[in-house]
Structure formats: C-alpha cells, structure tokens
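Enquirer: The sequence shown maps to residues 1 to 86 in our numbering.
Please keep in mind that the hints were generated in silico from the structure rather than gathered at the bench. Ideal placement from N, C-alpha and C gives every residue a C-beta, glycine not left out. Mixed in with the good hints, there may be bad ones.
As the list claims (entries may be wrong) - Okay, the calculated beta carbon distance ranges per label pair: (1) G73 / R24: 13 to 23 Å; (2) G35 / D2: 16 to 26 Å; (3) I82 / N56: 16 to 26 Å.
To be verified - Derived BS3-like pairs (lysine-lysine); straight-line CA-CA distance at most 27 Å: (4) K44 / K26; (5) K44 / K11; (6) K44 / K5; (7) K13 / K26; (8) K13 / K44; (9) K11 / K26.
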Amino acid sequence: MDVLKVSANSKPKSVAGALAAVLREKGSAEVQAVGAGAVNQAVKAIAITRGFVAPNGIDLVCIPAFAEIEIDGEERTAIRFIVEPR
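With the hints as extra help, turn the sequences into a complete structure.
Expert: Below you can see the structure in the form of structure tokens.
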C-alpha cells in the first residue's frame, strides 16, 4: 500500500490531489503524519479528497492507527490514516 507522508507545511489541496490519484489507481492508501501540525494537514487533505472522489460514487472512510517509525535514529510515534472506499 502506498504511504503518503504529510508534514505541517504540506498544502492540504496538493496532498488531496495525490491521495485521490492513488485511490483511483490502487483502491486504497495510507497517509502518515508526525506531530500535531502534520496530523491537522492530513485530516484536512482527507476531507478534501472525499469531495474530489464523491462525484465518482466513492464514499471514503479513514481508519486511524499508531505507527512506530525511526527518524534520524530516534523512535517516533506517527499517526497513520488508512483511507479506503466504504
């Protein structure tokens, strides 16, 4: 499954476009964010994506989960959103 990494500086509309493209091609995707700002941008992007794919009859759901990742040799907790059609 493709993992889209979102930062606090990511533009939600750009992430939404990429997410919509991955969903149309693969059927599901994961969005990963570390930190409050990144999670905020990721949630906005998922909401925008729902609007992008709704005219095609696709109703998206989002399943949040924790993920342990390593950044610069340090363990961090990320939030992963599994996005798939209902």
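Enquirer: Check each numbered hint from earlier against the structure, then list the numbers of those it violates in ascending order.
Expert: Hint check: 1 fails alone, others pass.
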